[in-house]
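There are 4 protein chains.
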Amino acid sequence: MTLRVGVLGTGMIGQDHIRRLTQVLSGVDVVAVNDIDRARAATAAPKGAEVFDTPKALINSDKVDAVVICSWGPAHEEQLLDCIAAGKPVFCEKPLVTSEAAARRVIAAEVAHGTRLVQVGFMRRFDADYRRLKKVIDGGSLGAPLMYHSTHRNASVPEGLYTSDMPLNDTLVHDADISRWLLEDEVAAVEVRVPRRNTRGKDLRDPVMVLLHMGSGAIVDVEISVNIAYGYDIRGEVSCENGVAALPNRPAVVVSDQYGIRQAIPEDWRERFIDAYDQEFREWIVAAGQGTATGPSTWDGYAATLVGDAALRAVDSGAREAITMIEKPALYGKAAARAA
Amino acid sequence: MTLRVGVLGTGMIGQDHIRRLTQVLSGVDVVAVNDIDRARAATAAPKGAEVFDTPKALINSDKVDAVVICSWGPAHEEQLLDCIAAGKPVFCEKPLVTSEAAARRVIAAEVAHGTRLVQVGFMRRFDADYRRLKKVIDGGSLGAPLMYHSTHRNASVPEGLYTSDMPLNDTLVHDADISRWLLEDEVAAVEVRVPRRNTRGKDLRDPVMVLLHMGSGAIVDVEISVNIAYGYDIRGEVSCENGVAALPNRPAVVVSDQYGIRQAIPEDWRERFIDAYDQEFREWIVAAGQGTATGPSTWDGYAATLVGDAALRAVDSGAREAITMIEKPALYGKAAARAA
Amino acid sequence: MTLRVGVLGTGMIGQDHIRRLTQVLSGVDVVAVNDIDRARAATAAPKGAEVFDTPKALINSDKVDAVVICSWGPAHEEQLLDCIAAGKPVFCEKPLVTSEAAARRVIAAEVAHGTRLVQVGFMRRFDADYRRLKKVIDGGSLGAPLMYHSTHRNASVPEGLYTSDMPLNDTLVHDADISRWLLEDEVAAVEVRVPRRNTRGKDLRDPVMVLLHMGSGAIVDVEISVNIAYGYDIRGEVSCENGVAALPNRPAVVVSDQYGIRQAIPEDWRERFIDAYDQEFREWIVAAGQGTATGPSTWDGYAATLVGDAALRAVDSGAREAITMIEKPALYGKAAARAA
Amino acid sequence: MTLRVGVLGTGMIGQDHIRRLTQVLSGVDVVAVNDIDRARAATAAPKGAEVFDTPKALINSDKVDAVVICSWGPAHEEQLLDCIAAGKPVFCEKPLVTSEAAARRVIAAEVAHGTRLVQVGFMRRFDADYRRLKKVIDGGSLGAPLMYHSTHRNASVPEGLYTSDMPLNDTLVHDADISRWLLEDEVAAVEVRVPRRNTRGKDLRDPVMVLLHMGSGAIVDVEISVNIAYGYDIRGEVSCENGVAALPNRPAVVVSDQYGIRQAIPEDWRERFIDAYDQEFREWIVAAGQGTATGPSTWDGYAATLVGDAALRAVDSGAREAITMIEKPALYGKAAARAA
Ligand SMILES: [Mg+2]
Ligand SMILES: [Mg+2]
Ligand SMILES: [Mg+2]
Ligand SMILES: [Mg+2]
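Chains as they are written, first to last, in UniProt numbering: chain A, 1 to 340; chain B, 1 to 340; chain C, 1 to 340; chain D, 1 to 340.
By construction, these hints were calculated from the structure, which means they are not laboratory data.
Among the hints, erroneous ones may be present.
As the list claims (entries may be wrong) - Computed cross-link-like contacts, EDC-like style, restricted to lysine to aspartate or glutamate with a CA-CA straight-line distance of at most 20 Å:
#1 Lys134(D) with Asp170(D)
#2 Lys135(C) with Glu267(A)
#3 Lys328(B) with Glu100(B)
#4 Lys134(B) with Glu271(D)
#5 Lys135(A) with Glu271(C)
#6 Lys88(C) with Glu283(C)
#7 Lys134(D) with Asp53(B)
#8 Lys63(C) with Glu50(C)
#9 Lys94(A) with Asp165(A)
#10 Lys88(B) with Asp29(B)
#11 Lys47(A) with Asp65(A)
#12 Lys135(B) with Glu267(D)
#13 Lys94(A) with Asp316(A)
#14 Lys94(A) with Asp170(A)
#15 Lys134(C) with Glu271(A)
#16 Lys135(D) with Glu267(B)
#17 Lys88(D) with Asp53(D)
#18 Lys334(B) with Asp29(B)
#19 Lys56(A) with Glu78(A)
#20 Lys135(B) with Glu271(D)
#21 Lys135(D) with Glu271(B)
#22 Lys88(C) with Asp62(C)
#23 Lys47(D) with Asp65(D)
#24 Lys135(A) with Glu267(A)
#25 Lys135(C) with Asp278(A)
#26 Lys88(C) with Glu100(C)
#27 Lys334(C) with Asp138(C)
#28 Lys134(B) with Glu267(B)
#29 Lys135(C) with Glu237(C)
#30 Lys134(A) with Glu271(C)
#31 Lys334(A) with Asp170(A)
#32 Lys56(D) with Asp37(D)
#33 Lys135(C) with Glu283(C)
#34 Lys202(C) with Glu159(C)
#35 Lys328(D) with Asp316(D)
#36 Lys135(A) with Glu267(C)
As the list claims (entries may be wrong) - Some chain B residues judged to face chain D by a derived CB distance under 10 Å, without partners named:
#37 Ile13
#38 Val28
#39 Ala128
#40 Arg132
Built from N, CA and C at the ideal position, the CB exists for glycine as well.
Construct the entire structure; sequences and hints are all you get.
Listed below in structure tokens is the structure:
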């Protein structure tokens, strides 16, 4: 009853997930790996795992019950379609795919298959703090949520590799997804404003301010700062009709010393979300063992793709860029209520 | 050497300032009052103070060294011009005046007079917390300020009296002024977005989200919520190049009981800013005793008027409404550096 | 390579550990159970586990690689000695045993065996917050620890079942152990003071204040309050030569509503330490799989027994009750440095 | 109606009070000064104030309505008795006097006079935070107070000048007084324990731990650390029957930077209690203007003297040193209820 997993892509995130699946979590074995760099795959393969020559061979192997996709984005569509064709549960790191059309093809394939097979790697939904926040909002004692202030700060990004589009089509995806999930709503339109530039990032467009206009009329404002030096700081506050609720501080020793009364800040997303990644896979393993998927879906990946596309349009146009979604297939649950 | 003050307008705020000037502060006496309702003025007059029939008579009386204007907004322009004509220092509650043209006339008169006489009632600049925050930003260790998140929440507003324009032309004035002061910059343009409505306020446009585009490119985003029930909650956070600084929590006993680990929130602006009001007048008394004014100026009142006007235009147009200011008279200091 | 575990005692804590071992943790199976109430054992037994008639039969079964003792305290000595005789790793819930003499017999047996086999259930050492606190102290930047303020508050205790001795010989054990671990020191003497009584507990001796005089001279003061109603609140602060370090608050949504700015408090030890219990067993499984034990040892259980005994003497005598320990066997590491 | 004040003693604290009385507060003038060092008195004298040759001459001058004693402790008794003989209100910095016998002589004189004239300089009672804390306790929602944890930390003390007795007969006085006031109770006995020494203070007895056994049975435990380097940190927490209440943090900007999420700590008592000192005199001026005194009384100074004496006995004896008070004169209010 141990889930036999094949991993596609053995770069940094792939290696981390292999570690997680082999050393941290139970009920799962990594039995197969593949990478465009075969030597890297061989190095990353845990003892006893087979190194496959192609993604398709791995996906279709009888050894493999379920697949984890950690390859680069452009490869995702084909790998996802192959998994669906093989009827195998698949965990896909973000981005789901790299275009709206591709997202719609994956949706069509999964809908044709008839049951969910895909879980997308939006790990924030598995973070205990975000779950606590959602529970408070869902409890209803604060009334309807009207605004959500989301703050997304990175200490630094790799110069040269991280481009000015990436705050909007890469980093923003987490804020977009968590906003949809927290507010149980879709993003109807996107605006982007560009504040005074942070000189630490040279010519990089940083910070950016994004407004997500939700279907209900609630507004999400996002600060994305990617070179803020002091740490990886993820904050969120929901302003409701008669109260507000905010993400807790991360637990950290309260030290009183020459620098004041202070608490440490996580250095990076690994430190901040390590437990969320574990929980994300814990729940995936259970669902995959039953031949299906729960958690963030192909639909959520599609929605995130649309938000990223709209954000890129919005930063160019300066205008409010509307998002038009296809009708939501029943497979992905009922459409968001657009309360007003 | 006691400053002899005349108070114009003895409504709620006028009465509170009379209390402050007679019972809390030193070096000052209230010797004259005037109100459109003479009986109200008589009741509010402290022992020994004369009740004047007209604002002009009070302003021009030899008994009166300096004037405090607490009348309604439309009366301010004439009273201010009379004070300047009489060469008397004057404290003017907000709004300075009710139109851009009026503000320019007051500026012209004061410039012609040659020294500052007017202090406008933007009390937040005298609040110890805001001063601490400014000191940190000015210290420079966090780098340039890029975004300022300002949160302005009222437990409730009087139904019927408080209209949908007032978040923008009344409440916003404090956030606009404190943003200009904290960032040492002017507002170049204003945008307004209207989130899902708070049903507690019925048809009232509440909350509103305001974006102030500062001359430097820094963006200020303001949440104004005026029926949020839980308290009067004023927050602010400046996001800089390599760190952020936030207003402190108000001091309040940390109680651990059946409701959690908790601290009380101020009920209203009187509780929150009571010390700021005292300090505002403390500094006014010193300057007025020297025949002049420091603190928020006619220029600051003019700027606030422009922001309010632009915000009203912006909520109608949905667009970015630019602000065009006259050249800043030397009397009001040097123009804001527009660093970019 | 799955560790096959037998569980002795299937009451509340035994059932919880069975759940943990079967549903939460990996690398482990519960293959055997025993309880003085055979029907209860049968009900608690996971699928496929054998119900043994006696502890000894379970301990000596070839099926069983390692043992978890959750029986009542007076049964622990014999079960521990049987485990050691069988050379099997054993996790023993607190109390290790119920007398100093018994503790010394278990030590003697384990020392004769030559390697560690016993881990005692002091779960606080596995709590992420306490570990963060220890890391800060160990880092040395605050200088030597001089005082440790430990606060141990329970919302309530079961009336009638929880006696006036239990704050000292049951509840205190956790503060004593964590003090020894944090400060890397032994308790040299104990004093107890009894404050004004909490009327919620009727005649119960509650709260109590305990002073632990550590070998180094550091003083630990403990507040034990067991009927404080508002929650389960575990706090700790180490006062050092040039700074202090405190346990973090538990992560909890920061809600601003009519009760203030507030965060929830755990209801009980299950909620507070659920992750610590998991981690405690995670580390035990690794060591037991290697035929040994790490974590809190028989020596630590012996020390806790001595502190409880001394506290009971101290509450009667009102005096400082010294603790005399046997020489520390090398098996348990080097003796605590008694820096002064 | 301006209160004409004479100041005895123009050292550091005397100079600070002269500044306060002349520059900060209203309704008061400093018209006379005296110091054992006449040149120092002349320098410290505000414009127009007379420098007196002797304390008695100042006290008895018709120019002087009320007296502020800032001379050294051994001079207080005679100056207080002279003030009482002259029927003049007097503010006396701590210590009231330097022996129990002297305290009783001052009490006797004031009781014979028939109305209160003396206010002792226990400024914490005027601190807004402590007042908020007392209000919560007095509100009664938390039930009876059972323990009070008081933390008194100084960054440093002057080497050589500050002796090992001073934590107990000088620093402790504030914790003792605030405990009596918060709990509305007397100290019945004192114990002192001496933890491991802070090497920063060389041979200085630092820190010390003091237990105050209150009449009601409530226990106050005090940490006094006088060389803790990181700041001046005054904390307090009252543990009650069904909840706890703690002093708020001082308001300070919340900075997130490379040192963490942090708030500054006051450097010294001047910074921490500057507002309390102002308020202390504000209330004194009002009472003195009416020819009497409110606030901390001769009785409170007497109680503090007894606690300091008992603490010195206790550190030598290692035992619980009881305090026996004379019957409380009606002039000082009713005796503390000894609820149990
Ligand atoms: Mg992810
Ligand atoms: Mg104002
Ligand atoms: Mg335990
Ligand atoms: Mg004092």
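Comparing the hints with the structure gives:
The hinted pair formed by Lys134(D) and Asp170(D) fails the criterion: a straight-line CA distance of about 24 Å is larger than 20 Å. Simply put, Lys135(C) and Glu267(A) have alpha-carbon atoms about 17 Å apart, close enough for the 20 Å limit, and the pair holds. About 14 Å separates the Cα atoms of Lys328(B) and Glu100(B), which keeps this hinted pair within 20 Å; it holds. Note on Lys134(B) and Glu271(D): the hinted pairing holds, with a Cα-Cα distance of about 19 Å set against a maximum of 20 Å.
In summary, the hint linking Lys135(A) to Glu271(C) is supported, as the alpha carbons are separated by about 16 Å, within the 20 Å threshold. About 16 Å separates the Cα atoms of Lys88(C) and Glu283(C), which keeps this hinted pair within 20 Å; it holds. Straight-line distance between C-alpha atoms of Lys134(D) and Asp53(B) comes to about 48 Å, which puts the hinted pair past the 20 Å bound. Taken as a hint, the Lys63(C) and Glu50(C) pair is honoured in the structure, with Cα atoms around 9 Å apart against an allowance of 20 Å.
Our distance criterion of 20 Å between C-alpha atoms is met by Lys94(A) and Asp165(A), whose separation comes to about 16 Å. Under the criterion of a C-alpha separation no larger than 20 Å, the hint pairing Lys88(B) with Asp29(B) is consistent with the structure, at around 16 Å. Restraint check for Lys47(A) and Asp65(A): the C-alpha separation of about 18 Å stays at or below 20 Å, so the hint holds. About 17 Å separates the Cα atoms of Lys135(B) and Glu267(D), which keeps this hinted pair within 20 Å; it holds.
The suggested pairing of Lys94(A) with Asp316(A) is violated, with an alpha-carbon distance near 24 Å, which exceeds 20 Å. Only pairs whose Cα atoms come within 20 Å are accepted, and Lys94(A) paired with Asp170(A) is accepted, the gap being roughly 9 Å. Distance hint between Lys134(C) and Glu271(A) is fulfilled; the C-alpha atoms sit about 19 Å from each other, no more than 20 Å. Restraint check: the Cα-Cα separation between Lys135(D) and Glu267(B) comes to about 17 Å, which is no more than 20 Å; the hinted pair holds.
Between Lys88(D) and Asp53(D) the alpha-carbon distance is near 19 Å, which keeps this suggested pair within the 20 Å criterion. For a cut-off of 20 Å, the pair hint linking Lys334(B) to Asp29(B) is broken: about 34 Å separates their Cα positions. A distance of roughly 9 Å separates the Cα atoms of Lys56(A) and Glu78(A); the hinted pair therefore holds under the 20 Å criterion. Simply put, Lys135(B) and Glu271(D) have alpha-carbon atoms about 16 Å apart, close enough for the 20 Å limit, and the pair holds.
Between the alpha carbons of Lys135(D) and Glu271(B) the distance comes to roughly 16 Å, so the proposed pair stays at or under 20 Å and holds. A C-alpha spacing of about 11 Å is found between Lys88(C) and Asp62(C), which places the hinted pair at or below 20 Å, so the restraint holds. A C-alpha spacing of about 18 Å is found between Lys47(D) and Asp65(D), which places the hinted pair at or below 20 Å, so the restraint holds. Proposed proximity of Lys135(A) and Glu267(A) is contradicted: the alpha carbons are some 27 Å apart, above 20 Å.
Distance restraint check for Lys135(C) and Asp278(A): the Cα-Cα separation of roughly 24 Å exceeds the 20 Å cut-off, and the hinted pair is therefore not satisfied. A C-alpha spacing of about 23 Å is found between Lys88(C) and Glu100(C), which places the hinted pair above 20 Å, so the restraint is violated. At most 20 Å may separate the alpha-carbon atoms for a hinted pair to count; Lys334(C) and Asp138(C) meet this at roughly 17 Å. Taken as a hint, the Lys134(B) and Glu267(B) pair is broken in the structure, with Cα atoms around 25 Å apart against an allowance of 20 Å.
Taking the CA atoms of Lys135(C) and Glu237(C), the gap is about 13 Å. The hint holds against a cut of 20 Å. Of the supplied pair hints, the one linking Lys134(A) and Glu271(C) holds, its CA atoms being roughly 19 Å apart against a limit of 20 Å. Our distance criterion of 20 Å between C-alpha atoms is broken by Lys334(A) and Asp170(A), whose separation comes to about 27 Å. Among the hinted pairs, Lys56(D) with Asp37(D) is consistent with the structure: their alpha-carbon atoms are about 15 Å apart, no more than 20 Å.
Between Lys135(C) and Glu283(C) the CA atoms are separated by roughly 18 Å; this keeps the pair inside 20 Å, and the hint holds. With a C-alpha separation of about 9 Å, the suggested pair Lys202(C) and Glu159(C) falls inside the 20 Å cut-off, and the hint holds. For a cut-off of 20 Å, the pair hint linking Lys328(D) to Asp316(D) is broken: about 29 Å separates their Cα positions. The suggested pairing of Lys135(A) with Glu267(C) holds, with an alpha-carbon distance near 17 Å, which does not exceed 20 Å.
A distance limit of 10 Å between C-beta atoms decides the matter here; for Ile13(B) the minimum to chain D is near 22 Å, and the interface restraint is violated. With its C-beta approaching chain D no nearer than about 9 Å, Val28(B) sits inside the 10 Å limit, and its interface hint holds. Taking 10 Å as the C-beta cut-off, the interface hint given for Ala128(B) holds, the closest approach to chain D being about 7 Å. About 5 Å separates the beta-carbon of Arg132(B) from the nearest beta-carbon of chain D, less than 10 Å, and the hint is met.
Checked against the numbered hints given earlier, the structure breaks hints 1, 7, 13, 18, 24, 25, 26, 28, 31, 35 and 37 and satisfies all the rest.
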